[in-house]
Amino acid sequence: MNPVIELRGVGFAYNANPVLQNIDLTVREREFLGIVGPNAGGKSTLLRLILGLLTPDLGQIQVLDDTPRATRHLLGYVAQHPGFSRNFPMSVRQVVELGLLGRREHGGPLASLQPVRANADERARVAQALDEVEASDLAARQIDGLSGGQLQRVLLARALISRPRILLLDEPTANVDQRAEGDIFDLLKRLNERMTILVVSHDIAFVSSYVTRVACINRTLVCHPTTAIDAKLLHELYGDKIRMVAHEHTT
Amino acid sequence: MSEFFQALLHYQFLQYALIAGVLAAIGCGLMGPYVVVRRIGFIAGGIAHSVLGGMGMALYFGADPLAGALVAAVLSALLIGWVRLHWHTGEDILIGALWAIGMAIGILFISRIPGYQADLVSYLFGNILLVPERELWFMGALDAILLLVVLIWHRQILAVVFDEEYARLRGLPVTFLYLLLLVLIALTVVLLIHVVGLILVLALLTLPAAMAGQHVHSVARMMAIATLLSIFLVVAGLAISYGPNLPPGPTIVLLVGLSYLISTLFSRMRHRT
Chain L
1 MNPVIELRGV GFAYNANPVL QNIDLTVRER EFLGIVGPNA GGKSTLLRLI LGLLTPDLGQ
61 IQVLDDTPRA TRHLLGYVAQ HPGFSRNFPM SVRQVVELGL LGRREHGGPL ASLQPVRANA
121 DERARVAQAL DEVEASDLAA RQIDGLSGGQ LQRVLLARAL ISRPRILLLD EPTANVDQRA
181 EGDIFDLLKR LNERMTILVV SHDIAFVSSY VTRVACINRT LVCHPTTAID AKLLHELYGD
241 KIRMVAHEHT T
Chain D
1 MSEFFQALLH YQFLQYALIA GVLAAIGCGL MGPYVVVRRI GFIAGGIAHS VLGGMGMALY
61 FGADPLAGAL VAAVLSALLI GWVRLHWHTG EDILIGALWA IGMAIGILFI SRIPGYQADL
121 VSYLFGNILL VPERELWFMG ALDAILLLVV LIWHRQILAV VFDEEYARLR GLPVTFLYLL
181 LLVLIALTVV LLIHVVGLIL VLALLTLPAA MAGQHVHSVA RMMAIATLLS IFLVVAGLAI
241 SYGPNLPPGP TIVLLVGLSY LISTLFSRMR HRT
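Line order of the protein sequences matches chains L and D.
Per the numbering used here, residue 1 is the first one in the first sequence, and the count goes up by one each step.
Per the numbering used here, residue 1 is the first one in the second sequence, and the count goes up by one each step.
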């Protein structure tokens with residue numbers, strides 16, 4: 001499979017505090033990569049660098065054979081903390097519709113300023129995106145009345161409606177219960193059949209049963225196949241006494 | 001109030017005042033919801049108060065004060081927007097500084113012009129009864145610009161107002177759209193100067209939209225309701241002030257404030273039941 005994301009010697013610091021150092025990472029098409037590590041280990045920063053929201057101090061990043069800024073409209077993103085107020089007067093349908101705005105695959109930046117009017121094709125795509133995340137019944141609801149799990153599905157639909165080639169999710173199950181967590185990862189597994197997925201998670205045991213490879217990050221990054229996750233590796237990653245409890249997943 | 005509507009048939013200055021009030025209310029209705037949902041009332045206040053600097057300078061140099069207001073409003077909108085987007089800190093300090101410095105410049109320039117002290121009060125608190133015909137055309141043109149931009153780019157502006165980071169990821173020109181929004185708000189401030197004056201602009205720009213937001217749940221509907229509410233409140237305030245010869249600007253703002261209070265009480269009672 002072709003590489004879709006490549007990082008070479010990437011370093012990044014917030015106000016001289018190094019967050020990431022000498023990161024090398026290649027993500028191939030249709031890969032499902034889990035990114036795990038301790039708090040403040042640089043997981044979200046890594047995603048923001050790939051999205052072009054941050055610029056690396058050192059090294060190079062290529063996404064779909066171009067710079068992250070040039071290709072970010074081809075990526076879908078679900079942030080850990082949405083950048084909007086929960087009491088914004090907007091329905092689920094309207095939120096998902098906003099995912100249709102912006103640059104098209106073959107359009108320049110000015111194409112995003114063309115006037116847009118709701119049409120049948122757009123309505124069908126919104127319905128399809130909501131259906132895919134099993135949230136069709138939420139379409140008319142206001143966003144302030146949604147649970148954590150429901151909101152995650154809506155944001156996933158907003159990301160999917162633009163038909164992204166790569167999907168990046170930052171702690172998509174941080175505010176949902178265990179059952180909803182399984183449902184969301186089952187959904188991601190299905191989506192992985194047609195797109196590359198990178199998911200940041202705090203739950204290394206849970207994520208290991210879904211992803212094809214785990215990137216362990218704590219300022220530096222090491223990738224492991226999911227079968228190689230053991231107590232010794234966790235101890236190296238988190239730098240403290242870690243007790244590993246094996247879980248059986250019924251997925 | 002009936003006295004006002006009878007006089008309206010006979011006095012041209014009252015007809016002009018009514019038209020000016022309606023034109024200003026349309027601007028409020030269109031822009032107010034963006035200000036309310038994006039929570040940028042303080043930015044709008046900063047733009048409004050910095051306008052006095054431009055008006056004072058224009059008067060001193062013999063130019064049209066409304067042109068001075070327009071230039072000052074647009075410049076402060078662009079400056080605030082640029083700092084907000086690129087510095088990420090110190091935005092509140094800059095707005096506070098523009099707010100105070102703009103007013104200080106305006107008062108200093110106006111104080112150097114003999115016989116202009118009365119004008120200062122009308123700029124600060126508005127005087128809708130003195131709007132000349134040519135300014136009605138100017139206000140109409142500003143309304144047309146606001147309406148046209150909203151019709152063309154409402155969804156793109158809404159995307160930036162709702163979730164700026166996601167809009168940037170989708171490849172929308174966020175800087176252009178955000179600065180455009182602030183410039184539109186600046187135009188609305190200039191629209192409102194004659195009606196309620198610089199000091200009271202913020203009430204008319206935010207409260208009708210906030211009232212609309214208590215009862216409808218989309219920004220487009222907020223615009224429709226806020227426009228109708230603003231027209232009603234401005235005309236009613238003008239009519240109430242006419243009989244007892246009260247200053248129209250403060251009367252309109254008090255009426256808007258009272259309506260907001262009643263609307264809030266209704267909204268809370270409805271949510272409890």
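Think of the hints as simulated: they come from the structure by calculation, not from any bench.
Here the structure is a predicted model, which means the values were calculated and not measured.
Note that beta-carbon positions come from the ideal geometry of N, C-alpha and C, so glycine has one too.
It is possible that part of the hints are untrue.
A few chain L positions that, by computed beta-carbon distances, are all more than 10 Å from chain D [stated by the list, open to error]:
#1 N15
#2 N17
#3 R28
#4 P82
#5 E97
#6 L101
#7 Q142
#8 Q178
#9 L191
#10 A205
#11 H224
If you want a taste of the chain L side facing chain D, the calculated C-beta under 10 Å gives, among others [unchecked claim]:
#12 Y77
#13 P115
#14 R117
#15 L146
#16 G148
#17 L155
#18 L187
#19 H202
#20 I204
Now the hints, each set against the structure:
No Cβ of chain D comes within 10 Å of the Cβ of N15 of chain L; the nearest lies about 12 Å off, and the non-interface call holds. Distance check for N17 of chain L against chain D: the nearest CB is about 17 Å away, which clears 10 Å, and the non-interface claim stands. Listed as a non-interface residue, R28 of chain L keeps its Cβ farther than 10 Å from every Cβ of chain D; the least gap is roughly 23 Å. Remark: the non-interface label on P82 of chain L conflicts with the geometry, its nearest Cβ contact in chain D lying 7 Å away (cut-off 10 Å).
With a minimum CB-CB distance of about 8 Å to chain D, E97 of chain L fails to clear the 10 Å threshold, and the non-interface call is violated. Distance check for L101 of chain L against chain D: the nearest CB is about 5 Å away, which does not clear 10 Å, and the non-interface claim fails. With 10 Å as the threshold on Cβ separation, the claim that Q142 of chain L sits away from chain D is violated: the shortest Cβ distance comes to roughly 5 Å. For Q178 of chain L, the condition that its CB be more than 10 Å from all CB atoms of chain D holds, with the nearest at approximately 28 Å.
Distance check on L191 of chain L: its Cβ is at least 18 Å (rounded) from any Cβ of chain D, clearing the 10 Å threshold; non-interface status holds. With a least beta-carbon separation of about 31 Å from chain D, A205 of chain L lies farther than 10 Å from that chain, consistent with its non-interface assignment. Remark: the non-interface label on H224 of chain L is consistent with the geometry, its nearest Cβ contact in chain D lying 29 Å away (cut-off 10 Å). Interface restraint check: Y77 of chain L against chain D, minimum CB-CB distance 6 Å, threshold 10 Å, status holds.
Hint status for P115 of chain L relative to chain D: holds, with the closest Cβ pair at about 5 Å, below 10 Å. Checking R117 of chain L against chain D: minimum C-beta separation of about 9 Å stays under 10 Å; hint holds. At about 13 Å, the closest approach between the beta carbon of L146 of chain L and any beta carbon in chain D exceeds 10 Å, and the interface hint on this residue is violated. Taken as an interface hint, G148 of chain L does not check out: its beta carbon lies about 17 Å from the nearest beta carbon of chain D, beyond 10 Å.
A distance limit of 10 Å between C-beta atoms decides the matter here; for L155 of chain L the minimum to chain D is near 9 Å, and the interface restraint holds. With 10 Å as the threshold, the beta carbon of L187 of chain L stays out of range of chain D, its nearest partner Cβ sitting at about 20 Å, so the hint is violated. Checking H202 of chain L against chain D by beta carbon gives a least distance of about 22 Å; that is not within 10 Å, so the hint is violated. Residue-level restraint check for I204 of chain L is violated (minimum Cβ-Cβ distance to chain D is 27 Å; threshold 10 Å).
Hint compliance for this structure: hints 4, 5, 6, 7, 15, 16, 18, 19, 20 are not met, and every other hint is.
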